[in-house]
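A.B. asks: So the sequences go chain by chain: E and U.
In terms of the numbering used here, the first sequence opens at residue 1 and continues consecutively.
In terms of the numbering used here, the second sequence opens at residue 1 and continues consecutively.
The hints are simulated quantities; they were obtained by calculation from the structure and are not laboratory data.
Please note: incorrect hints may appear among the correct ones.
Partial chain E-side listing against chain U, Cβ under 8 Å, derived [what the hints assert, rightly or not]:
# : residue
1 : Ala66
2 : Arg68
3 : Ser79
4 : Val271
5 : Glu358
Quantities reported herein were computed from a predicted structural model and do not represent experimental measurements.
Heads up, the beta-carbon is just placed ideally off N, CA and C, and yes, glycines get one too.
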Amino acid sequence: MARLSALLLALYTAGASAEIVRYTEAGTGPDEIALGYPVPLPRASASAFDGFRDHASLIGQLSALAAREAQFSRHELGSSLNGQSIYGFVFGQPAGSAPAVLQTGAVHAREWAAPEVVTHIAERLVAGLGSNGLERYLADRLSIMLAPVMNPDGFVATQQEPERTRIGEDPDHSSSDPLYPRDGRQRRKNLRDSDGLLETPADSLSGVDLNRNIGRFWSSSRASSSDPRSIVYHGSARESEPETRALMEGARLLGGDRLRLFIDTHSFSRVYFYNDTGNIRLRNLTRSLASMMGRVSAEDYPPVQEPSQSGIGANDEYFAYDFEVPSYTLELEPGFALQSAEYGGNPDVSHSGFILPEAEIARVREEAYLMALIGYYHQAGPPILEGVEVRRDDQTIFAAHWQTEGAGRRLVIDKPGFVSPGVEYSLHLRFDKPMRWTDERGAVGQYPGQLITLAPFVELAGASGRRQELSDTGQWLSRRYRFDSYALTFQADSALGQHARLEVSVRDLSGQALDADPSSMARWQNGHWVGYESGDGVQGDAGGTDSQICLRLDSSASADCQNSAGGGSGSPGLALLLAMLCGLRRRLT
Amino acid sequence: MKRLPFWLLLAGLCTGPALAADPYPTEDAAIAERLRLLALQAAEPADRAWVESLLDHEESEHLPHPERPSLGLPRYRIRARAHALLHHWRLQAELRAWKSEPAKRHEAASTALQRKARALWLEQASPAELASFRARQPASALDEASLLVLLRRGPHMDDWRALMRIGGSRRTIDALAGARGQLAPDEFSALLDLAEANPRLAGMAVRLRGDWARSRPEQARRLLERLRKQPLSVDLIEAGIAADLPELPTLLVSRLTDTEAAPLAAWGLWRLDESASLSAFASAPGTPVHLREEIRRWLD
Numbered sequence: 001m002a003r004l005s006a007l008l009l010a011l012y013t014a015g016a017s018a019e020i021v022r023y024t025e026a027g028t029g030p031d032e033i034a035l036g037y038p039v040p041l042p043r044a045s046a047s048a049f050d051g052f053r054d055h056a057s058l059i060g061q062l063s064a065l066a067a068r069e070a071q072f073s074r075h076e077l078g079s080s081l082n083g084q085s086i087y088g089f090v091f092g093q094p095a096g097s098a099p100a101v102l103q104t105g106a107v108h109a110r111e112w113a114a115p116e117v118v119t120h121i122a123e124r125l126v127a128g129l130g131s132n133g134l135e136r137y138l139a140d141r142l143s144i145m146l147a148p149v150m151n152p153d154g155f156v157a158t159q160q161e162p163e164r165t166r167i168g169e170d171p172d173h174s175s176s177d178p179l180y181p182r183d184g185r186q187r188r189k190n191l192r193d194s195d196g197l198l199e200t201p202a203d204s205l206s207g208v209d210l211n212r213n214i215g216r217f218w219s220s221s222r223a224s225s226s227d228p229r230s231i232v233y234h235g236s237a238r239e240s241e242p243e244t245r246a247l248m249e250g251a252r253l254l255g256g257d258r259l260r261l262f263i264d265t266h267s268f269s270r271v272y273f274y275n276d277t278g279n280i281r282l283r284n285l286t287r288s289l290a291s292m293m294g295r296v297s298a299e300d301y302p303p304v305q306e307p308s309q310s311g312i313g314a315n316d317e318y319f320a321y322d323f324e325v326p327s328y329t330l331e332l333e334p335g336f337a338l339q340s341a342e343y344g345g346n347p348d349v350s351h352s353g354f355i356l357p358e359a360e361i362a363r364v365r366e367e368a369y370l371m372a373l374i375g376y377y378h379q380a381g382p383p384i385l386e387g388v389e390v391r392r393d394d395q396t397i398f399a400a401h402w403q404t405e406g407a408g409r410r411l412v413i414d415k416p417g418f419v420s421p422g423v424e425y426s427l428h429l430r431f432d433k434p435m436r437w438t439d440e441r442g443a444v445g446q447y448p449g450q451l452i453t454l455a456p457f458v459e460l461a462g463a464s465g466r467r468q469e470l471s472d473t474g475q476w477l478s479r480r481y482r483f484d485s486y487a488l489t490f491q492a493d494s495a496l497g498q499h500a501r502l503e504v505s506v507r508d509l510s511g512q513a514l515d516a517d518p519s520s521m522a523r524w525q526n527g528h529w530v531g532y533e534s535g536d537g538v539q540g541d542a543g544g545t546d547s548q549i550c551l552r553l554d555s556s557a558s559a560d561c562q563n564s565a566g567g568g569s570g571s572p573g574l575a576l577l578l579a580m581l582c583g584l585r586r587r588l589t
Numbered sequence: 001m002k003r004l005p006f007w008l009l010l011a012g013l014c015t016g017p018a019l020a021a022d023p024y025p026t027e028d029a030a031i032a033e034r035l036r037l038l039a040l041q042a043a044e045p046a047d048r049a050w051v052e053s054l055l056d057h058e059e060s061e062h063l064p065h066p067e068r069p070s071l072g073l074p075r076y077r078i079r080a081r082a083h084a085l086l087h088h089w090r091l092q093a094e095l096r097a098w099k100s101e102p103a104k105r106h107e108a109a110s111t112a113l114q115r116k117a118r119a120l121w122l123e124q125a126s127p128a129e130l131a132s133f134r135a136r137q138p139a140s141a142l143d144e145a146s147l148l149v150l151l152r153r154g155p156h157m158d159d160w161r162a163l164m165r166i167g168g169s170r171r172t173i174d175a176l177a178g179a180r181g182q183l184a185p186d187e188f189s190a191l192l193d194l195a196e197a198n199p200r201l202a203g204m205a206v207r208l209r210g211d212w213a214r215s216r217p218e219q220a221r222r223l224l225e226r227l228r229k230q231p232l233s234v235d236l237i238e239a240g241i242a243a244d245l246p247e248l249p250t251l252l253v254s255r256l257t258d259t260e261a262a263p264l265a266a267w268g269l270w271r272l273d274e275s276a277s278l279s280a281f282a283s284a285p286g287t288p289v290h291l292r293e294e295i296r297r298w299l300d
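So here's chain E without its partners, still in its complex pose (with noise of 0.2 Å):
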């Protein structure tokens, strides 16, 4: 601390003059500063280790995992400044023919930790795909395209430097904060009019801020600016940068319409910021979508809004108000106040959060896989329940499915059979994707953060009016996906009348509940779910109960049951008939 001090008297008494100075893990020379832990220095080394890997490491194992997966596809996004290529990886479902999510990383050069989680998410994702698990799920439903280096100029810049930095000489900071960092270890833009070596003082404030060049909201907030040596210098205009223009190519590639999730990946405040575009429904769904994701970890991320109808020119609006996603600016740990004193650095060290400790980040890596995992995992879509099965003594009674036929599904009974009264059968319940996570012992258990009632509830609402709760003591089985299905055994009331509607009520890993009308498909548009049904047919964001299956319990039945009572063809239903009259009267009075 004394030593940070000379070192500050040392500037004042020069006349502040701008210094290249060397960060060390306990420095003692004049020039130095201590962090307090070993200065990070990236490494050649495709497979991770506990620190920094170097550009083209990262690129080359991405690269080569490319090579050998079929679903996982390297695409050129373009080129930075200096000619080097910016590339996005495509998992799962090529890219434009399925619902999309982006997730980028080292926008600005100086937060290593962001390519590294970018990378480890496309290492995990692959990694998984022999497995029957979210990953497989998501590649089934989704194209994930990861871009873990868009701004691969200045990233290559502070690994070229990654013990110096230039202090003294920032034109809006240095006179309150003389230690504030620009250029070397610390470079945050391109390279725009700038060689990116630390030696060369002219330039060292020059670039583009590659979070401020783009969108609606370029150059329209005093957190951008038109000086070239700000540090959020926002460029000649908007979309100057090729680097902004590789991001946009990105999306084109995936196909604006099909995307359903942004996430750029940055440090640090471990915070998600989102935006308010005036969609209510989009901005509900941001909200606790970032919520979800940031109570994976150990220490909360909390979401935190920006003012509505305004911004800075960053990716993340652009995503916002033009694709109308659930799009954030992720800044991974540590948190704002305390930095590195997190991890035992030194607390005088201005802006030490940029310099995760080589350390921390194998842990960072895994926890933000985990978010995005869980966030990937919502927007691929709400759960239905794609089958139910009644068998007795392993011989199938009843069985149902929905098929999918164009836009639509269309209910069909496979096994029309009935149920007796009194007798017992299993029943089995077939979700279209994985519904429960599996937890360290590989037992069934919650998601990391989450918490929901893992078993489903189920009850047979009879014709009679009669209601009957089944057994909860079934259990999850994995059948296309790692516990996908449950099954539970149950006798029938004979009270319950000649028929009985079976009503599901569950919720996915990350909460959402069934689409109660699977034949229409939820779709993401204009901000929101389309599709997507409550247990009364009213479309919205939050599901319900399914309550389309209905079993006959007796020989003499008819035989249509599905029909006769408002599920399975997909037509509102005398629920939603009620409602929607139950409305227009409210409004009457």
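Since chain E is already given, all that's left is putting chain U on it; use the hints.
C.D. replies: For chain U alone, kept in the frame of chain E given last:
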């Protein structure tokens, strides 16, 4: 920048950047100064309680957050200073215990703080204390930081082997690379084998072997044999490149016919800029469709 008055320069000496630049010291500035003074003296219980109360302190002034105006950075970093001070005191207390209670040196260090204290003590321990510690604590029970300190104080093969097994950071590989001249070639090679078997060190270790093989023909031959027969990886191919193996392009072409190895071999040829071989492979009828498309993208 204008010159500052002498009293303010003194303040800068005392409290660091934030206060030095503040011509109107505030209550928060005074707290920051008191925290600085406390770091220089032994803590009384009352001091400790006061510092702990600052862990939730909300500052009234903020510096601009580098990303968003809606979130400022605390100007005096009071919470960070309090946190760091408490950490410092705990570490010093732990270190004192290591120094004064010999029995403690035989206990397992289960927390990060204990491990840090142990590494600090190992730096300062006398040769006799070190010998006694080594006699009671097997190398396999130590963490990476402690083993690195022990090796700095005196190389032992047991420590090296334990480090290669449990290490995970570049500091371990840097230490091994630095000791190349002191270790016998067969010892160095055996340690590299151990590091390559450790998933966290494997990538860096095989590249170090490639670098080493440049000046050692028998190691180059061994690397070539692995490239010919073993499953390929980016790091193994990079090791071949680092070793300057002239046979590498031919060898990679030969592995294009091996279904398992073909994707990585293709990647290696792209890395070597062997476009002709890649083009031929991409158009060969047996090439998997996705790989053919991937290679076409590389070549574009």
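A.B. asks: Hint by hint, work out which the structure violates, then give me just those numbers in ascending order.
C.D. replies: 3
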